Structure formats: C-alpha cells, structure tokens
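Q: Okay, here's what each chain looks like letter by letter:
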Amino acid sequence: MSKTITIDGTKISFTEGQTIMDAALAAKVYIPHLCHNPEFKPHGSCKLCTVNVNGRAVSACTMPASDGMEVENKTETLDNERRAIVQMLFVEGNHLCPTCEKSGNCQLQAVAYCLGMMTPHYNHFYPPREIDASHPDVFLDRNRCILCELCVRASRDVDGKNVFGLSGRGIGSRLVVNSASGRLGDSTFAVTDRAAKVCPTGAILIKRQGFSVPIGSRIYDHKPICQVETEGKSGGEHE
Amino acid sequence: MTFELETAANPENLKRVVIEPVTRVEGHGKVTLLLDEDNRIHQARFHIVEFRGFEKFIQGRPYTEVPVLVQRLCGICPVSHHLAASKAMDMIIGAQLTPSAEKLRRLMHFGQVMQSHALHFFYLASPDLLFGFDSEIATRNIVGVAAAYPEIARQGVALRKYGQEVIRLTAGKRIHGTGAIPGGVNKNLTLAERDFLLKDIEQMIVWSQGAVDLIKKIYCERPEFHNGFGYYRSSFMSLVRPDGALDLYHGGLRARDEHDQDIFDHLDYGHYWDYVHEEVKPWSYMKFPFIRSRGREEGWYRVGPLARVNNCDFIPTPLAEVERRIFKAFDGGSATQATLAYHWTRMIEMLHCAEGIQDLLHDDDLLGDDLLSQGERALRGVGVIEAPRGTLIHHYRINEDEQIVRANLIVSTTHNNQAMNEAVRQVALQYLDGKELTEGLLNHIEVAIRAFDPCLSCATHAVGKMPLEVELIDAEGKEIDRLVRNSSGACGV
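Top line first, the protein sequences correspond to chains A and B. Counted from 1, the first sequence has number 40 at position 40 by our numbering; the numbering is strictly sequential. Counted from 1, the second sequence has number 430 at position 430 by our numbering; the numbering is strictly sequential.
Bear in mind the hints are in silico, worked out from the structure with no lab data behind them. Quick caveat, the model's predicted, so the values are computed rather than measured. Treat the hints with caution; some may be incorrect.
Said to hold, decoys possible - Simulated pairs of lysine-lysine, DSSO-like, Cα-Cα distance not exceeding 30 Å: (1) A:K47 x A:K3; (2) B:K173 x A:K207; (3) A:K207 x B:K56; (4) A:K28 x A:K74; (5) B:K173 x A:K223; (6) A:K223 x B:K161; (7) B:K173 x A:K197; (8) B:K30 x B:K435; (9) A:K47 x A:K223.
Claimed, not checked - Cβ-Cβ distance ranges computed for the label pairs, FRET-style: (10) A:I171 x B:P282: 38 to 48 Å; (11) B:E55 x A:Y126: 13 to 23 Å; (12) B:D359 x A:P120: 38 to 48 Å; (13) A:S181 x B:R406: 18 to 28 Å; (14) B:G60 x A:V176: 12 to 22 Å; (15) B:S284 x A:Y126: 24 to 34 Å; (16) B:D36 x A:P120: 49 to 59 Å; (17) A:T188 x B:E400: 15 to 25 Å; (18) B:E400 x A:K47: 33 to 43 Å; (19) B:R377 x A:D79: 43 to 53 Å.
Unchecked claim - Facing chain A, from chain B, some residues (calculated, C-beta under 7 Å): (20) V68; (21) L69; (22) G172; (23) K173; (24) T178; (25) K187; (26) D401; (27) Q403.
C-beta: ideal position from N, C-alpha, C; glycine also.
Throw the hints in and build the complete structure from the sequences for me.
A: Here it is in structure tokens:
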C-alpha cells in the first residue's frame, strides 16, 4: 500500500525519500518556489515554498514527505507571506521588467503574477550592483540576481567548475566569480555550461540573443507558472 | 546667440505670464511671456521642463537591450525609437536586412505613423480646427468633437486602432513591443494575421482620404488666416529615398533653405555630426540643433510632415501623391511655410501610410522565414528614421564587451525646438501683443505649438484636462489676473 500525504485536503502518494515538493510536483500540485529546481540538490533559501505541516512552517523543498502528513499550501495567509517575500526580492534588487529580455520567461516575474503582486509595496533600495560583461558569450547582470544559488549549484555539481559563489552576509550578500580578477571573462565558465542556462531571472544572459523570442511565444505568455510547472516543465529551463 | 524676443533686455521690470503645462501635446512643457505695463511682448519662450536622462542610464547595458529600452522614451511613438535604435544596432552587427525583415519593419512603421497622426489630428488638434481657437473651452476637446461630429470622432478612433493593430501584429504588443531586433525582426506575419489586416485596409484608405479632405476644406475656407497664423520662413530637413521619393523608414538627408534651395542632399546620415550640431541654452532642457554650414543664427530648421512633403519630389503611393500635388499647387508650387500646413501634410502622410500598408500586405515577403542577418561587426552605429514628428537620430558606441558606452539621441521635437519658439513668438506678436489676457488668446499660442505635434517627454501625456494655471503679475509683482483649470477640466478665476 503506497504512502500518502495530504495537500490542502487532497491525498497524493509519494515514494520514500521524496520531499513534499517532489511529491507535489509529481502529482501536479503547484507550490510556489524560486530556488528549487528538481535537477539540483534542494537549497531551502528563498522560503517561497513555505507550507504548514501539522501547524509548523517548513520548506516544502527540503522537508521529507512522511506518511499521513497534513500539508497546508494554498492559504490566504501563506500566499500573503509569499507575496511579501517576492516584493522584498523586487525592491532589494533592480528588476526593470519592461526592458528586461527575460520578461515573459522569468520565474520571478511569473511567480509575482501568480501571487497577485500588483505593486512592489516596499521602498526600493536601488542598490548599486556590478555588471560583468567581460565574458565573450555571457552577460552577468547582478542587478537581477536573487541569490538563489542555482548557478552556484549547477557549476559545482553538474559542470564541476565552481565558477560561482556567494560572498558577504545579509543585505551585503552578492554573487562572486571564482577567478583571479573576479571577472567572468577570466574564469573557466563556458556558454555551454549548465550554469549558463539555469538562472530563474535575467542575471545570467547569453549575449546576442536578446528578445529573439517574440511576444506570444515566451514561456509564461499564455499560461501562468502554476500551470507551466505542473505540466511537466522543470523550473529553471529557460533556453 | 539669441533670437528676437528670446531674451528681454530688462526682464526685472516686466510682468510674467506662464502657460503651464501646455495642453493637448505629448509631455510637459510651458510657455513664458514677459510683458510691459501696456501688455507689449518683450520675451516669449517655449520651455521643455522635463529631464529624462536616457542617454546616461543606458550606458553599460548590452546593445541587444537598447531597441526595447529606449522606446520607453515615448508612449505615443515608441516604434520610432524602437526602429531607429534597431537600425543603429544593424550597423553595429554589420547586418544587411533580408527583404522580409525590412518589409516587416516598414509595415510596423507605417502602422506607427498612421496611429500617431490619427491620434494627433483627431484627438489633439481637431477641437481647435473644428470649433475655433477661442471657442468655448468646455467643449474644445475630443469629447466635444464626439458630441458635435460623432462620425469624424469614430473614424479617428478606428484609424488609430487599426494602426495599433498593425503594430501589435508586427511587434507583439500595441505599445512597447519587441519585434525589431539587431539584424532583423523576431517574427513574421502569419496568413491569418495578414488576412486580419487586409479585411479593413480599404476602409482605412477611404477614411484617410476623408481626413485629408476635411483638413483641406477647413484650411481652404480661410486660406489667408491659416497661411498667416504664426507665419515665418525656415529651412526644412528630412530623409528622402535615392530617387527623391518620400520615405519614412530609410534614405539620405535632404535640407532646403527658406528659399527652397538645397543645403545638402542625399547625405549619408552615418556622419550626421559633420552637418548638424546642437546648442545648449540655460532655460530649456531641450537642445537647439542647427545646420553647421549655416551657423547657429541661420542654421535652424523644421522637420516633420511639412518638411517631408515639402522636401520630397513625389510620394510613391497614388492617392497621397495626388494630394501632395494639390498641396504644392496651393502655394504656387514652392515649399509651403505656413505653420498650420503641418496638419494638412500630416493627413497626406496618413493616407500614404494606409496605402503603403495595403501594398505591403499583398507582398508575400511578409510571410517569409528569413528574418535575421549579420556581418562584420563595428563599435559604432547610427540609425535615422522619419518618426511621425520628424527626423529621429539614434547614435551609439559600444565597447569590446558589447556594452553601450555612449549614446546621443536627437529626437524630432528637438529639431523643431527653435521653430516652435519662433511660432510662439510670431503668434504672441500677432494676437497677444498689447491685448488683455484671455484663455482664448493664450490658446492661440498652444495652437501654434500643437501644429508641430511635439512630444515633449514623451512617455507621459494627457488629453484635454491637464491642470493649467495662468497668472498675470504686474511690474510690482502683484497678481492682477488669474485663470485656473483644475484636473476635472473646469475653469475658474
């Protein structure tokens, strides 16, 4: 007899070792997330996938599913908190969707739409963030980095290069490049690396390809992220 | 240098009249008049009071982003900036556009000019032209036009909508799309999209012809008044095709002086800076361009529909060419200098756009898949296009890392800066000099500015009900007259 958890009153089965997020995605139940990508080890940092389990708030991407677990996911309180998290991400960086080539393909933007975010609500920080255009094929725009570490994990775990890392603490945290100069062009990074195509926002862009996908053909032009994610497309696939 | 009435000799003893903001134009500007105790005009200036800073904040951005970023300059004519920037980026990546890509861009541009001209004529200018410059202010707006002339208003709305649909299907959105990219376009037209546009194009041509007939009738009913309103002579500059035809998308620069003589012709715009310079004046955020060979004093000029129709040898679509000939014959065959002739030529161009759209929709290249090209790369690109309001210059330099390091944009309204100031001064002298201040008289100044269809900021704009406050202050600084229009459009003292 298969083991099950209940998400918002619906029973779904899972296999041993799956997290709540794994089980939910397999059952086509959407739990908002940004730092999670099934291809990589869970990170639990963005906190968007916070759910209530037996009255406790946990990260769905790191919490192992266990038989009989009662999970609250789609509640007004949780969505309000998630929306606040996304709003804070927007004001902590410099996210200018109208002119960003990732618009329509951006998970941050799509999640914001999904959660009904109408305004940033908080005052913008307008932080000075460095742009690194030194690589011949890739543009690194830290203005749009949300510190999800997907590129860090992809470079380390798939590409075997350790090109990226985080430095600093708290609001001073920033994405750094593992090269003597600190510039991407002086690192071992290649446009063919998995890390080049895993960014959920527009922080890592392939040069000379901007806006080549017309409006109407972008990932989230016709379906919201909750539908795209549960129809089998894994997070972070943004070629 | 300064022009007559640009700077008063003793401004401290004069009363100051301010029209702020100027209404029924795109963006925010103001007019200041300095008058003596007998209400004689000593100074008249048209100020652009916004500062945008696009040339600075695009520095560091990848060149691929620029055509989408800079179009945010404007909510009315973003396609012009989108295409001018794309043309500059074509030069940077060494692209020679494929036939499909060029025709799709031309289609987008025709849609853009058509909707912008329709917006200006029907929404912004027609209240003055249909009701009179000093008519009842409460109805001197598009709502008043819709009530008194419902069919004209309906056609105006439909013409603008059609142009917007052309933009949507070529750029992805009606406003701020992404269709043009360096080296070409990112989408073609599907058969269904082409047929959708074909369905109504005949009607659009009929209505565009009707708009030409309407302005022609209005103009010719009082030819001396319309010719003489804000009259002055100037040079004109525009792009023309190699064979001298009107071309809104591409060509060489042609400038003719106030006597219709060539200053330069078929000039390669890739070195525009050898021919056009800009002067900065402390009282306006907008620069004052001039033709270098003629100097700061004589080198100012006009751009836009009047310049284009005056400058071209012919219009390459039949109905618009007939109308161009009628227009030219009106002033004896030479270039028409009248400020209000902008309206007439604007409608001739709208007819040309409708005809041009029809021609292109029958061209199968619009359905083609060969949309991109590239060649030898360069670090500098210049793109010039004839935007609805006139010649638009985009100039960029990039570094080896493909980031923008320098940008210079000379937008259509900037070219017309001195010309608009001249029109303000002429109207101030003709109609206000020595008179009591009234709203209707002040509107004459706005009518002169509106003829140019200026895009002052560009992205922010409002129609009709912008708050307006005019104060008349005497030589001792005491307020002696005051007119206020609140945000609901109501006027009071």
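Q: All hints are to be evaluated individually against the structure, with a verdict given for each.
A: Results for each hint:
{"no.": "1", "hint": "A:K47 x A:K3", "verdict": "holds (26 Å)"}
{"no.": "2", "hint": "B:K173 x A:K207", "verdict": "holds (24 Å)"}
{"no.": "3", "hint": "A:K207 x B:K56", "verdict": "holds (22 Å)"}
{"no.": "4", "hint": "A:K28 x A:K74", "verdict": "holds (14 Å)"}
{"no.": "5", "hint": "B:K173 x A:K223", "verdict": "holds (17 Å)"}
{"no.": "6", "hint": "A:K223 x B:K161", "verdict": "holds (27 Å)"}
{"no.": "7", "hint": "B:K173 x A:K197", "verdict": "holds (27 Å)"}
{"no.": "8", "hint": "B:K30 x B:K435", "verdict": "holds (20 Å)"}
{"no.": "9", "hint": "A:K47 x A:K223", "verdict": "holds (24 Å)"}
{"no.": "10", "hint": "A:I171 x B:P282: 38 to 48 Å", "verdict": "holds (41 Å)"}
{"no.": "11", "hint": "B:E55 x A:Y126: 13 to 23 Å", "verdict": "holds (20 Å)"}
{"no.": "12", "hint": "B:D359 x A:P120: 38 to 48 Å", "verdict": "holds (46 Å)"}
{"no.": "13", "hint": "A:S181 x B:R406: 18 to 28 Å", "verdict": "holds (25 Å)"}
{"no.": "14", "hint": "B:G60 x A:V176: 12 to 22 Å", "verdict": "holds (19 Å)"}
{"no.": "15", "hint": "B:S284 x A:Y126: 24 to 34 Å", "verdict": "holds (28 Å)"}
{"no.": "16", "hint": "B:D36 x A:P120: 49 to 59 Å", "verdict": "holds (52 Å)"}
{"no.": "17", "hint": "A:T188 x B:E400: 15 to 25 Å", "verdict": "holds (21 Å)"}
{"no.": "18", "hint": "B:E400 x A:K47: 33 to 43 Å", "verdict": "holds (41 Å)"}
{"no.": "19", "hint": "B:R377 x A:D79: 43 to 53 Å", "verdict": "holds (48 Å)"}
{"no.": "20", "hint": "V68", "verdict": "holds (5 Å)"}
{"no.": "21", "hint": "L69", "verdict": "holds (4 Å)"}
{"no.": "22", "hint": "G172", "verdict": "holds (3 Å)"}
{"no.": "23", "hint": "K173", "verdict": "holds (6 Å)"}
{"no.": "24", "hint": "T178", "verdict": "holds (4 Å)"}
{"no.": "25", "hint": "K187", "verdict": "holds (4 Å)"}
{"no.": "26", "hint": "D401", "verdict": "holds (4 Å)"}
{"no.": "27", "hint": "Q403", "verdict": "holds (5 Å)"}
Violated hints are absent here; each numbered hint is respected by the structure.
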